[in-house]
Amino acid sequence: MTIEATDSFVDAPGGRIFVRQWQGSRTRGAPLVLLHDSLGSVELWRDFPAVLAEASSWHVIAYDRLGFGQSTQRTDRPSFAFIDEEAERYFSAVRDGLGLDRFALFGHSVGGAMALRIAASLPESCEAVVTESAQCFVESRTLEGIRAAQTLFEDPAQLQKLAKRHGDRAQWVLDAWIKVWLAPEFRDWSLDPHLGRVACPVLAIHGDQDEYGSEEFPKRIASGVRGPSQMVLLKDCGHVPHRERSEQIVRLTASFLESLNTTLRV
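Under UniProt numbering, the very last position in the sequence shown is 266; numbers go up by exactly one each time.
Since the hints were made in silico from the structure, they are not lab data.
Be aware that a few hints might be false.
What the hints assert, rightly or not - 30 Å max Cα-Cα, derived BS3-like pairs, lysine-lysine:
hint: 1; residue 1: K161; residue 2: K179
hint: 2; residue 1: K219; residue 2: K161
hint: 3; residue 1: K235; residue 2: K219
hint: 4; residue 1: K164; residue 2: K179
Claimed, not checked - The calculated label-pair distances, taken between Cβ atoms and stated as ranges, are:
hint: 5; residue 1: T151; residue 2: S8; range: 34 to 42 Å
hint: 6; residue 1: Q158; residue 2: S79; range: 18 to 26 Å
hint: 7; residue 1: Q248; residue 2: S25; range: 34 to 42 Å
hint: 8; residue 1: Q160; residue 2: L260; range: 36 to 44 Å
hint: 9; residue 1: S8; residue 2: D208; range: 36 to 44 Å
hint: 10; residue 1: D11; residue 2: A148; range: 16 to 24 Å
hint: 11; residue 1: T75; residue 2: S259; range: 15 to 23 Å
hint: 12; residue 1: R141; residue 2: E185; range: 16 to 24 Å
hint: 13; residue 1: A183; residue 2: E247; range: 23 to 31 Å
hint: 14; residue 1: D155; residue 2: S25; range: 22 to 30 Å
hint: 15; residue 1: A81; residue 2: R226; range: 17 to 25 Å
hint: 16; residue 1: G15; residue 2: L143; range: 25 to 33 Å
Beta carbons: idealized from backbone N, C-alpha and C, even for Gly.
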């Protein structure tokens with residue numbers, strides 16, 4: 001099956017959001033929307049969305065959060081409520097702009113936290129969630145990993161690498177990650193108030209060598225949601241399973257989506 005990729009923009013509060021969609025000639029299930037990590041973008045998913053679209057026959061969508069990648073640059077101070085804001089403001093703009101009645105979500109890292117937050121807000125529309133390396137509270141390992149990254153980015157060459165994907169947005173993108181997560185005001189953030197409102201099936205994937213969080217994250221996600229849940233802990237795998245174990249993540253995700261038995265949609 002040939003997978004075609006199409007690019008577009010949707011209007012959102014504060015600017016325009018860049019969207020890429022991958023779709024074959026035959027598509028089943030509601031669209032699967034990918035939510036990227038703290039330094040991520042559509043381009044940084046690389047070939048994963050196309051491979052997943054082919055393996056699952058699902059319509060796959062990814063977008064650059066406002067301020068990231070090809071979306072409108074942001075100059076405002078990064079918000080401590082950015083996860084809630086993504087669910088309530090920016091994802092809603094993407095959903096409305098694309099006319100998504102129902103959808104499934106795949107979120108990497110903080111994108112996984114956002115996916116769960118969206119599912120909690122829109123239980124009647126979200127058919128399933130896959131989290132990959134998702135945080136659900138602020139753990140000491142999370143802070144240690146971010147501090148190590150902060151030291152790494154003291155090298156100007158590292159910021160230049162980030163600028164290849166985010167352009168002039170690179171410093172804002174970096175600050176939105178490091179300054180927010182390391183701030184004392186963010187220390188008590190948790191998904192606990194929202195997990196019980198997630199009614200759809202959830203697959204929580206995590207690497208046992210994830211430098212930004214322990215297996216307590218997927219355990220709490222799987223036990224906290226109201227809908228049916230599965231947890232998969234990958235041995236000798238770090239924070240980016242869809243790159244480190246690409247074939248396995250595609251297989252796990254496609255199998256999970258197949259098990260949903262959702263109605264064929266064109």
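Here is how each hint holds up against the structure:
{"no.": "1", "hint": "K161 / K179", "in the structure": "holds (19 Å)"}
{"no.": "2", "hint": "K219 / K161", "in the structure": "violated (34 Å)"}
{"no.": "3", "hint": "K235 / K219", "in the structure": "holds (15 Å)"}
{"no.": "4", "hint": "K164 / K179", "in the structure": "holds (21 Å)"}
{"no.": "5", "hint": "T151 / S8: 34 to 42 Å", "in the structure": "holds (38 Å)"}
{"no.": "6", "hint": "Q158 / S79: 18 to 26 Å", "in the structure": "holds (24 Å)"}
{"no.": "7", "hint": "Q248 / S25: 34 to 42 Å", "in the structure": "violated (27 Å)"}
{"no.": "8", "hint": "Q160 / L260: 36 to 44 Å", "in the structure": "holds (42 Å)"}
{"no.": "9", "hint": "S8 / D208: 36 to 44 Å", "in the structure": "holds (38 Å)"}
{"no.": "10", "hint": "D11 / A148: 16 to 24 Å", "in the structure": "violated (38 Å)"}
{"no.": "11", "hint": "T75 / S259: 15 to 23 Å", "in the structure": "violated (44 Å)"}
{"no.": "12", "hint": "R141 / E185: 16 to 24 Å", "in the structure": "holds (20 Å)"}
{"no.": "13", "hint": "A183 / E247: 23 to 31 Å", "in the structure": "violated (38 Å)"}
{"no.": "14", "hint": "D155 / S25: 22 to 30 Å", "in the structure": "violated (46 Å)"}
{"no.": "15", "hint": "A81 / R226: 17 to 25 Å", "in the structure": "holds (24 Å)"}
{"no.": "16", "hint": "G15 / L143: 25 to 33 Å", "in the structure": "holds (31 Å)"}
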